[in-house]
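Counted the way the working numbering counts, the sequence shown spans residues 31 to 169.
Simulated from the structure, these hints should not be mistaken for laboratory data. Just so we're clear, the structure is a prediction, and the values are computed from it rather than from any experiment. Think of the CB as a built atom: it goes at the ideal place given N, C-alpha and C, for glycine as much as any other residue. Please note: incorrect hints may appear among the correct ones.
Below, in silico cross-link-like pairs of lysine-lysine (BS3-like), each with a Cα-Cα straight-line distance of 30 Å or less [what the hints assert, rightly or not]:
1. K117 x K155
2. K163 x K76
3. K66 x K56
4. K56 x K145
5. K66 x K76
6. K48 x K114
7. K145 x K155
8. K114 x K47
9. K77 x K162
10. K145 x K162
11. K105 x K155
12. K48 x K105
13. K76 x K105
14. K105 x K70
15. K67 x K154
16. K135 x K47
17. K135 x K145
18. K117 x K163
19. K153 x K163
20. K66 x K155
21. K47 x K66
22. K56 x K77
23. K77 x K114
24. K135 x K153
Here are the in silico distance ranges between beta carbons for each label pair [what the hints assert, rightly or not]:
25. I131 x E51: 23 to 31 Å
26. I131 x Q38: 14 to 22 Å
27. P63 x I130: 14 to 22 Å
28. F115 x R45: 21 to 29 Å
29. E51 x G92: 36 to 44 Å
30. E44 x K114: 39 to 47 Å
31. N133 x G159: 26 to 34 Å
32. E107 x L34: 35 to 43 Å
33. M49 x E149: 15 to 23 Å
34. K66 x K162: 31 to 39 Å
35. D129 x E69: 30 to 38 Å
36. N102 x G65: 39 to 47 Å
37. K153 x D35: 43 to 51 Å
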Amino acid sequence: LTNLDENQAEFEIERSKKMLESYGLKIESFAFPYGKKNEKILEIAKKHYISGRNIYNHDSNGFFIDSYGLENSTKTESICEYIKFAKNNNLWFVLTLHDIIENPKQWDTSINDFKIIVECADKKKIRVGSLKKCKEHMS
31 LTNLDENQAE
41 FEIERSKKML
51 ESYGLKIESF
61 AFPYGKKNEK
71 ILEIAKKHYI
81 SGRNIYNHDS
91 NGFFIDSYGL
101 ENSTKTESIC
111 EYIKFAKNNN
121 LWFVLTLHDI
131 IENPKQWDTS
141 INDFKIIVEC
151 ADKKKIRVGS
161 LKKCKEHMS
């Protein structure tokens, strides 16, 4: 997106939302491709979404929700430790998962690992919710 002119970027951001909503989904949060953004892209995204998912920096400005992106090489023990740390320190912990499948590729999570992560959250009595719910709690 950062390589497009403003009109092209607006078209792509707005069109992708409309395409997903045509399937009956309610789309309220924007994931910046590869975490890349600039002021132009940020302003366009703010016109169409209530929040943006942020991975690489922690400057939220009230729009971003920082998240931890999982790869199939991410150890469930590490995630469980992050969950425990977040719970003990009253912090947000937002996970970004792509596909949850039997044979995961680099950015996917196995079904078994997902079950382990959910069990860790359940044991710590962690509330699980959408990005919209996170944003509402931040306001």
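Status of the hints after comparison with the structure:
Of the pairs offered as hints, the one joining K117 and K155 holds, with about 9 Å between alpha carbons and a cut-off of 30 Å not exceeded. At roughly 17 Å between alpha-carbon atoms, K163 and K76 fall within 30 Å of each other, so this suggested pair holds. Restraint check for K66 and K56: the C-alpha separation of about 24 Å stays at or below 30 Å, so the hint holds. Taking the CA atoms of K56 and K145, the gap is about 26 Å. The hint holds against a cut of 30 Å.
About 15 Å separates the Cα atoms of K66 and K76, which keeps this hinted pair within 30 Å; it holds. Distance check on the hinted pair: K48 and K114 sit about 38 Å apart at the alpha-carbon level, beyond 30 Å; violated. Distance restraint check for K145 and K155: the Cα-Cα separation of roughly 15 Å lies within the 30 Å cut-off, and the hinted pair is therefore satisfied. Restraint check for K114 and K47: the C-alpha separation of about 35 Å exceeds 30 Å, so the hint is violated.
Proximity of K77 to K162 is assessed by CA-CA distance (about 16 Å); at most 30 Å being required, the pair is judged to hold. Our distance criterion of 30 Å between C-alpha atoms is met by K145 and K162, whose separation comes to about 23 Å. At most 30 Å may separate the alpha-carbon atoms for a hinted pair to count; K105 and K155 meet this at roughly 21 Å. A hinted pair counts as satisfied when its Cα atoms are at most 30 Å apart, and K48 with K105 does not qualify at roughly 36 Å.
The suggested pairing of K76 with K105 is violated, with an alpha-carbon distance near 34 Å, which exceeds 30 Å. At roughly 36 Å between alpha-carbon atoms, K105 and K70 are farther apart than 30 Å, so this suggested pair is violated. Distance hint between K67 and K154 is unfulfilled; the C-alpha atoms sit about 35 Å from each other, more than 30 Å. Taking the CA atoms of K135 and K47, the gap is about 26 Å. The hint holds against a cut of 30 Å.
For the hint pairing K135 with K145, the CA-to-CA distance comes to about 17 Å; that is within 30 Å, so the pair holds. With a CA separation close to 17 Å, the supplied pair K117 and K163 stays within the 30 Å bound. For a cut-off of 30 Å, the pair hint linking K153 to K163 stands: about 21 Å separates their Cα positions. About 34 Å separates the Cα atoms of K66 and K155, which puts this hinted pair outside 30 Å; it is violated.
Among the hinted pairs, K47 with K66 is consistent with the structure: their alpha-carbon atoms are about 18 Å apart, no more than 30 Å. Between K56 and K77, the direct Cα distance comes to roughly 16 Å. Compliance with the 30 Å bound is thereby established for this hinted pair. This hinted pair does not check out: K77 and K114 have alpha carbons roughly 36 Å apart, beyond 30 Å. Distance restraint check for K135 and K153: the Cα-Cα separation of roughly 28 Å lies within the 30 Å cut-off, and the hinted pair is therefore satisfied.
For I131 and E51, the hinted distance range of 23 to 31 Å is satisfied, since their beta carbons lie about 25 Å from each other. At about 33 Å, the CB distance of I131 to Q38 disagrees with the hint of 14 to 22 Å. In this structure the supplied range 14 to 22 Å holds for P63 paired with I130, their Cβ-Cβ distance being about 21 Å. Checking the proposed 21 to 29 Å range against F115 and R45 shows it is violated: the Cβ atoms sit about 39 Å from each other.
At roughly 24 Å, the beta-carbon separation of E51 and G92 lies outside the given 36 to 44 Å, and the hint is violated. Hint check: E44 to K114, Cβ distance near 40 Å, so the stated range 39 to 47 Å holds. A C-beta distance of roughly 29 Å is found between N133 and G159, which places it inside the suggested range of 26 to 34 Å. As the Cβ distance of E107 to L34 is approximately 41 Å, the hint placing it in 35 to 43 Å holds.
Checked against the hint of 15 to 23 Å, the C-beta distance between M49 and E149 comes to roughly 35 Å, which is inconsistent with it. In this structure the supplied range 31 to 39 Å is violated for K66 paired with K162, their Cβ-Cβ distance being about 23 Å. A beta carbon spacing of about 32 Å between D129 and E69 agrees with the range 30 to 38 Å that was offered as a hint. N102 and G65 have their C-beta atoms about 19 Å apart, which leaves the hinted 39 to 47 Å range violated.
Checked against the hint of 43 to 51 Å, the pair K153 and D35 passes, with Cβ atoms roughly 50 Å apart.
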